[in-house]
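Given next are the chains, with one letter for each unit.
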Amino acid sequence: MRSLLHGFALFFLLFAAQAVAAPSFPALTGRVVDNAGLLSPAEKKVLTTILAQHETGTTDQIVVVTLKELQGYDIADYGYQLGRHWGIGQKGQDNGVLLIVAPTERKVRIEVGYGLEGELTDKLSHDIIQEVILPRFKEGNYPAGILNGTKAILSALSGNYIPKKHQPKKDGMSSNFAGFFMFSLFFVGMLAQFFDRFSSRLRLIFGSITAVVAGIITWVLTNEFIVALFTAIFVFVMTTVRGLSSGYSSGGSSGSSWSSSSGGGSSFGGGGGSFGGGGASGSW
Amino acid sequence: MKKILLIAIAAIALLFAVVVMTHINNVPKLDEGVNASWAQVQNQYKRRADLVPNLVATVKGYASHEKEVLTDVVEARAKVGRIQVSSEMLSNPNAMKQFEANQNALSSALSRLMVVVERYPELKADKNFQALQSQLEGTENRIAVARKDYIATVQSYNVELRTVPGRWVAAIFYPDAKPKESFSASPAEQEVPAVAF
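As given, the protein sequences belong to chains A and B, one line each in that order.
Using the numbering used here, count along the first sequence one by one with no gaps and you end on 284.
Using the numbering used here, count along the second sequence one by one with no gaps and you end on 1197.
Just so you know, these hints were derived from the structure itself, not from any lab.
A couple of the hints might just be wrong.
[Unchecked claim] Short, incomplete list of chain B residues facing chain A, as computed with Cβ under 7 angstroms:
hint, residue
1, L1005
2, L1006
3, I1024
4, S1134
[To be verified] Dumping the calculated DSS-like pairs for lysine-lysine here, alpha-carbon to alpha-carbon at most 30 angstroms:
hint, chain 1, residue 1, chain 2, residue 2
5, A, K123, B, K1124
6, B, K1148, A, K91
7, A, K107, B, K1124
8, A, K123, B, K1046
9, A, K138, B, K1124
10, A, K68, B, K1148
11, B, K1127, A, K123
12, A, K151, B, K1124
13, B, K1127, A, K138
14, B, K1148, A, K123
15, A, K138, A, K91
16, B, K1127, A, K107
17, A, K123, B, K1067
18, A, K91, B, K1029
Please read these numbers as outputs of a predicted model, since none were measured by experiment.
The beta carbon of each residue, even a glycine, is placed where N, CA and C say it ideally should be.
Please construct the entire structure, taking both the sequences and the accompanying hints into account.
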């Protein structure tokens, strides 16, 4: 158990070390994340309303971000990673768009999720930036550039976009699998304790049956005979040897508290969409 | 005494089962991840190759005497079309090197073309050319993202194959699985372009 814990610790350390290499991202506080402070509260409200309306109609998620700095990254490089980090757009549809403004670097970008690259093409994004956003930015009128740019993005998207039905993709079974595994372990422990009441011959019979059933279930689930065989042996030993389970099942139950905490608090969250570098950038 | 032995056997069997169960699906899963990201890489390179004929035709309309650069682009484009790397060939270093060399040749030919284009203000003002330019830019960007994703998926696949206990599980259940080739930043990519005024 300890080595397993060590393994976990090492894994998380590695994970943390990998995370350091990526840029740091601002928190997704709403549909308008104004870290550079370019917008007034009233302008934010207007933007949030039209963006929310658009999502209700089409499920597309559009987020406006202003950044204090790009941390030395190219805006395109930063943009798609930010979009993936936040998971803007619905899962499986990847219908998210980011309008990113970095006033310090004088860079602007429309980052388009995989699913909307057909509606909001690179050419359209390019045109919106050049014809709608940049002229206003050059005058120093950031709010007008952002607001009109957002409206242009929305009208480009509504061109002939038919909302697809929301079909969340099935998640990998690994996390379910771990939970299932703990549950079966616990269940076998309970069963073993229950069998302890019977005579040794009856226990042998019941234990064999349980072992065979467990083996078959494992075989079906993992499609691997060797895994099933070991599971069957394990279950057989657990259920047939008297007293083995008494100390064990309580340990199993204490270890099986699974909780998943999802960061709540904000009313808006990304739907799990992904980005592949579509869109266009501009500078002024 | 007997009980201790049984517990020991059960514990070892359990440990083995846990290790195998947690890793049994990793190799095929990561393999599929690599295949998907490779498909994306090919997609984006294909997309760029598809843009080239249009781009060349548009540039020719304004700068037909820039033959050398245009021929370079056309030839590089033809070479790119000739080599196909299927997902089964990803463990083959030579195929990957060839693929990369050809794509890099097209990259550098295209960037030379874009430098030449700067000399033709009328071409730069052409709407059609502007559209192609923004598409090319977007595609290069997508290629960069797809390459990065591919490198990441190959890395996790190779780590699974090369480290314990994934290595043992793979040796037992997937003896055919081989580490895959990743992209390397080519000398041409690392080179800083010379700017002359």
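Tested hints:
For B:L1005, the shortest C-beta to C-beta distance to chain A is roughly 10 angstroms, which exceeds 7 angstroms, and the interface hint is violated. Because the closest C-beta pair between B:L1006 and chain A is about 6 angstroms apart, less than 7 angstroms, the hint holds. Restraint check, B:I1024 versus chain A: the minimum CB separation of about 6 angstroms is within 7 angstroms; hint holds. Annotation: interface hint on B:S1134 holds; nearest CB of chain A at approximately 4 angstroms, less than 7 angstroms.
Our distance criterion of 30 angstroms between C-alpha atoms is met by A:K123 and B:K1124, whose separation comes to about 15 angstroms. Distance check on the hinted pair: B:K1148 and A:K91 sit about 21 angstroms apart at the alpha-carbon level, within 30 angstroms; holds. Between A:K107 and B:K1124, the direct Cα distance comes to roughly 21 angstroms. Compliance with the 30 angstroms bound is thereby established for this hinted pair. Taking the CA atoms of A:K123 and B:K1046, the gap is about 18 angstroms. The hint holds against a cut of 30 angstroms.
Of the pairs offered as hints, the one joining A:K138 and B:K1124 holds, with about 21 angstroms between alpha carbons and a cut-off of 30 angstroms not exceeded. At most 30 angstroms may separate the alpha-carbon atoms for a hinted pair to count; A:K68 and B:K1148 meet this at roughly 26 angstroms. This hinted pair checks out: B:K1127 and A:K123 have alpha carbons roughly 10 angstroms apart, not beyond 30 angstroms. At most 30 angstroms may separate the alpha-carbon atoms for a hinted pair to count; A:K151 and B:K1124 meet this at roughly 28 angstroms.
Only pairs whose Cα atoms come within 30 angstroms are accepted, and B:K1127 paired with A:K138 is accepted, the gap being roughly 22 angstroms. Using a Cα cut-off of 30 angstroms, the hinted pair B:K1148 and A:K123 holds, with the two alpha carbons roughly 24 angstroms apart. Distance hint between A:K138 and A:K91 is unfulfilled; the C-alpha atoms sit about 36 angstroms from each other, more than 30 angstroms. About 23 angstroms separates the Cα atoms of B:K1127 and A:K107, which keeps this hinted pair within 30 angstroms; it holds.
Among the hinted pairs, A:K123 with B:K1067 is consistent with the structure: their alpha-carbon atoms are about 28 angstroms apart, no more than 30 angstroms. Of the supplied pair hints, the one linking A:K91 and B:K1029 holds, its CA atoms being roughly 19 angstroms apart against a limit of 30 angstroms.
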